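Peer 1: Let the hints inform the model, and build the full structure from the sequences given.
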Amino acid sequence: MERRSGLIKFTDMTPSDLISEIRAYCAANADEANVIRYSRYFKGGFNAYGLANGMVEAKVKELLQDKGIDIIMILDTAPELVKSEKYEETGFALLMLNQRHKHYSMKVFEAIESWFAFGIHNWAHADMLGMWILPDLIKQQVVNMEDFRPWLKSDFKFQRRCVPVTLIKSLKTTDDFNVLFDFIEPLMTDREREVHQGCGWFLREAWKIKREVTEAFLLKHKDTAPRLIIQYATEKMTKEERLRFRKGK
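Everything in the sequence shown is counted per this note's numbering, starting at 21 for the first residue and increasing by one.
A portion of the hints provided could be inaccurate.
Calculated cross-link-like contacts (lysine-lysine; reagent style DSSO-like; alpha-carbon spacing at most 27 angstroms) [what the hints assert, rightly or not]:
1. Lys87 / Lys192
2. Lys230 / Lys192
3. Lys267 / Lys256
4. Lys87 / Lys63
5. Lys189 / Lys127
6. Lys240 / Lys228
7. Lys127 / Lys81
8. Lys159 / Lys81
9. Lys81 / Lys63
10. Lys242 / Lys256
11. Lys81 / Lys189
12. Lys159 / Lys228
13. Lys173 / Lys267
14. Lys259 / Lys228
15. Lys256 / Lys228
16. Lys177 / Lys106
17. Lys267 / Lys228
18. Lys189 / Lys177
19. Lys127 / Lys63
20. Lys103 / Lys173
21. Lys240 / Lys177
Hints listed in this document are in silico derivations from the structure and should not be mistaken for laboratory results.
Treat the numbers as computed from the prediction; the structure is a model and nothing was measured.
Peer 2: Listed below in structure tokens is the structure:
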């Protein structure tokens with residue numbers, strides 16, 4: 021390991037080296053006050069170092085100046101970080117992966133699929149996947165929507181949530197919203213709140229683009245879908261418009 025221009029440059033770095041560097045940085049910048057401050061956003065608990073906003077991003081930018089930290093090393097390193105109970109460690113894995121998006125392959129998708137069994141335990145990490153990494157895999161034609169069909173029946177709620185969140189960007193690249201609606205339909209009776217939020221968010225974004233077809237889908241499910249889906253989906257409607265989507269008696 022050597023220092024150049026005030027930055028740490030690694031030679032012959034291993035996944036173990038990278039993990040150690042990340043954990044040392046997190047420990048050195050831990051702040052319990054931030055843990056308390058951010059914990060209100062995580063109902064399931066928030067185990068974190070408490071790094072201030074922007075610190076993970078800044079460290080990732082520094083680390084990735086080393087071209088030796090390529091997509092292969094990130095995939096080798098990610099499982100140890102993702103299974104960590106510390107919020108920021110998973111964040112490092114996802115941000116590094118996102119920054120190497122030009123090198124995505126099916127191996128990236130398969131790796132992500134495996135992570136839900138031991139990590140990705142909060143909405144923020146699921147949405148980092150659904151907003152950035154997974155849509156990029158679709159955009160690059162590494163995968164398509166059908167590759168997500170098994171996710172609809174996943175045992176892991178945040179994997180199921182990723183499906184509608186990922187498809188939000190597809191709303192801007194297709195004219196046939198009914199194809200997307202048919203695909204997510206199994207989630208319209210899901211049992212988990214976090215999935216309801218993801219579906220509602222997707223439908224709210226769909227409504228902004230194509231109101232009539234989205235409202236037809238919502239009317240079809242207004243009496244059977246969890247109310248939180250309908251609440252999120254109709255959030256941008258006027259009070260009068262929302263009345264149409266009340267559950268029937």
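Peer 1: For every hint, state whether the structure bears it out.
Peer 2: Comparing the hints with the structure gives:
1. For the given pair, Lys87 sits about 33 angstroms from Lys192 by alpha-carbon distance, which is inconsistent with the 27 angstroms threshold.
2. Annotation: proposed proximity of Lys230 to Lys192 holds, straight-line Cα distance about 11 angstroms (limit 27 angstroms).
3. Pair hint Lys267 plus Lys256 holds up; C-alpha atoms about 18 angstroms apart against a cutoff of 27 angstroms.
4. A threshold of 27 angstroms between alpha carbons decides the hint, and for Lys87 with Lys63 the separation of about 38 angstroms lies outside it, so the pair is violated.
5. In summary, the hint linking Lys189 to Lys127 is supported, as the alpha carbons are separated by about 22 angstroms, within the 27 angstroms threshold.
6. Using a Cα cut-off of 27 angstroms, the hinted pair Lys240 and Lys228 holds, with the two alpha carbons roughly 18 angstroms apart.
7. Restraint check for Lys127 and Lys81: the C-alpha separation of about 23 angstroms stays at or below 27 angstroms, so the hint holds.
8. As the CA atoms of Lys159 and Lys81 are separated by approximately 24 angstroms, the hinted pair is consistent with the 27 angstroms bound.
9. At roughly 30 angstroms between alpha-carbon atoms, Lys81 and Lys63 are farther apart than 27 angstroms, so this suggested pair is violated.
10. A distance of roughly 16 angstroms separates the Cα atoms of Lys242 and Lys256; the hinted pair therefore holds under the 27 angstroms criterion.
11. Distance hint between Lys81 and Lys189 is fulfilled; the C-alpha atoms sit about 25 angstroms from each other, no more than 27 angstroms.
12. Under the criterion of a C-alpha separation no larger than 27 angstroms, the hint pairing Lys159 with Lys228 is consistent with the structure, at around 22 angstroms.
13. Straight-line distance between C-alpha atoms of Lys173 and Lys267 comes to about 26 angstroms, which keeps the hinted pair within the 27 angstroms bound.
14. A threshold of 27 angstroms between alpha carbons decides the hint, and for Lys259 with Lys228 the separation of about 16 angstroms falls inside it, so the pair holds.
15. Restraint check for Lys256 and Lys228: the C-alpha separation of about 8 angstroms stays at or below 27 angstroms, so the hint holds.
16. Using a Cα cut-off of 27 angstroms, the hinted pair Lys177 and Lys106 holds, with the two alpha carbons roughly 19 angstroms apart.
17. The hinted pair formed by Lys267 and Lys228 meets the criterion: a straight-line CA distance of about 22 angstroms does not exceed 27 angstroms.
18. Between Lys189 and Lys177 the CA atoms are separated by roughly 21 angstroms; this keeps the pair inside 27 angstroms, and the hint holds.
19. Between Lys127 and Lys63 the CA atoms are separated by roughly 32 angstroms; this puts the pair beyond 27 angstroms, and the hint is violated.
20. With a C-alpha separation of about 22 angstroms, the suggested pairing of Lys103 with Lys173 holds against the 27 angstroms cut-off.
21. A distance of roughly 24 angstroms separates the Cα atoms of Lys240 and Lys177; the hinted pair therefore holds under the 27 angstroms criterion.
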